Structure formats: structure tokens, C-alpha cells
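J.: In case you want the letters, here they are:
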Amino acid sequence: AAGVIQSPRHLIKEKRETATLKCYPIPRHDTVYWYQQGPGQDPQFLISFYEKMQSDKGSIPDRFSAQQFSDYHSELNMSSLELGDSALYFCASSLSFYEQYFGPGTRLTVT
Amino acid sequence: AQSVTQPDIHITVSEGASLELRCNYSYGATPYLFWYVQSPGQGLQLLLKYFSGDTLVQGIKGFEAEFKRSQSSFNLRKPSVHWSDAAEYFCAVGAPLGTASKLTFGTGTRLQVTL
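From first to last, the protein sequence lines stand for chains R and B. Numbering-wise, the first sequence is residues 63 to 173 according to my numbering. Numbering-wise, the second sequence is residues 235 to 349 according to my numbering.
It should be emphasised that the hints constitute simulated quantities derived from the structure, not laboratory data. Keep in mind it's a predicted model, so treat the numbers as computed, not measured. For every residue, glycine included, the Cβ atom is placed at its ideal position computed from N, Cα and C. Careful, some of the hints might be misleading.
Okay, the calculated beta carbon distance ranges per label pair [stated by the list, open to error]:
hint : chain 1 : residue 1 : chain 2 : residue 2 : range
1    : B       : Glu-254   : R       : Gln-129   : 40 to 46 angstroms
2    : R       : Ser-127   : B       : Pro-241   : 36 to 42 angstroms
3    : R       : Gln-116   : B       : Glu-300   : 32 to 38 angstroms
Covered stretches of chain R, as calculated for chain B (at least 3 residues, CB under 8 angstroms) [said to hold, decoys possible]:
hint : region
4    : 126-138
5    : 162-169
Just a sample of chain B residues kept apart from chain R, beta carbon distances all over 12 angstroms, derived [claimed, not checked]:
hint : residue
6    : Asp-242
7    : Ala-251
8    : Leu-278
9    : Asn-309
10   : Arg-311
11   : His-316
12   : Trp-317
Pulled out of the complex, with its shape left as it was, chain R reads as follows (with noise of 0.2 angstroms):
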């Protein structure tokens, strides 16, 4: 079966670049979450989209920012990366309801 895709798998970046981490869903899919979590720490939301639309907004820095395209794919924007920003990224799908289908994750280091 399908799953959730996310590329890159590794991303290295230096402080203050930006770096852009891309989620393609579950075909059908309609929703797609981000969400951050630090080393030793349990997955934080960071936003939703639903049918394109920006659906919620969790603990999100404002040097993010993310949008769903119209084939649904999905991509989180990072801008002045800073070390605290060094986690893995997972992206998360979904068409029922909240049962959300994860994707492996984006490792971001950030040096």
C-alpha cells in the first residue's frame, strides 16, 4: 500500500540558511500535518491543511511557513535556521477521521 512520502530524508543546512522539506500523501488523501520532534521528545504539532486550506496552526515558529499545493502535496518552508531547529520533521496524512498515517520523516541538521 501507498504511504506518506517525504524527501529529503537527510538535510543538513549551516544557521540563518532556509531549507524546504516536501510531504506527498497518501493518494485520496485530503489532510496533511506537520509536525517537529526534538531529539528525546515526543512529535509537537506544527500546522494542518485541509482541502488546501490552512486548517490549524500549532507551535510553529513564525520563520516557518507551509502551504498544500492542488495535487495535495505539501511543503514546510524554513527560513534563519537556528540549532534548535535540528529534529525530525514528519509529515502525516489522513482522509478519515484523525486516524493519521505518518511518513518516515525528514532528519534536519542544522550546524
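Assemble the complex: chain R is given as a structure, and chain B must be docked to it using the hints.
T.: Using the frame of chain R, we list chain B on its own:
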């Protein structure tokens, strides 16, 4: 606000022994509850979910969980643990929020399996 508590940070069991991972939630209405498993450096895999109906839910890999409203709990169980079950387990609660429901996770329980 919704919240999840997983009281056990780390649990060690012998292969073949039974397992119970605890999860307590706080939410004002009927919760939507999930268990996810994460191997090191990997994504989160959905083990099982509870939306409504039968309070004992079956999941993948032989796991089950029981929803107890009176105790605000959703404990995960497995009758016989395999070495491959060693991983981090997260309990999560979802709540209606517009048209997309964010998940709030507990801090996780790391399961170690000894041979």
C-alpha cells in the same frame, strides 16, 4: 486542553512475557485515542485506534488496548512480547479542531526486550 500522560518512561520485559503500557488522557469530551510505535530514527506506525463502540480494540502485531472512560485510560497490552517489539511507544489523543484534528502525544515509553 487535551493532554496525555504515559507514566512509564522505560520498561524492560523478557521475551515471551506479557506487556502492559499505561496511558492516561485528559479531554473534555469523547476522546479519539491512538497508539503509535516508533523504532529508532524511524517514522511513527499506527498500532491501533479507538473512536467509539467496543472498548477493547485490536491492532496490528498482536497488540490490543482497552478504553476505560471511568479511569481516563487507554492501556496497551500484548500477551507475549517478541524481541522485535523493542521500540518507543506513543499514546496520542485527537480532538476536533476545525476540519483537521491535531494529535497530542504523550512523552512515550521506551520498551526494552531481554532474551
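J.: Against each hint, give a clear statement of whether it holds in the structure.
T.: Tested hints:
{"no.": "1", "hint": "B:Glu-254 / R:Gln-129: 40 to 46 angstroms", "result": "holds, 42 angstroms"}
{"no.": "2", "hint": "R:Ser-127 / B:Pro-241: 36 to 42 angstroms", "result": "holds, 37 angstroms"}
{"no.": "3", "hint": "R:Gln-116 / B:Glu-300: 32 to 38 angstroms", "result": "holds, 36 angstroms"}
{"no.": "4", "hint": "126-138", "result": "violated (count 0)"}
{"no.": "5", "hint": "162-169", "result": "holds (count 7)"}
{"no.": "6", "hint": "Asp-242", "result": "holds, 14 angstroms"}
{"no.": "7", "hint": "Ala-251", "result": "holds, 26 angstroms"}
{"no.": "8", "hint": "Leu-278", "result": "violated, 4 angstroms"}
{"no.": "9", "hint": "Asn-309", "result": "holds, 18 angstroms"}
{"no.": "10", "hint": "Arg-311", "result": "holds, 21 angstroms"}
{"no.": "11", "hint": "His-316", "result": "holds, 22 angstroms"}
{"no.": "12", "hint": "Trp-317", "result": "holds, 23 angstroms"}
Against the hints set out earlier in the document, violations occur for numbers 4 and 8.
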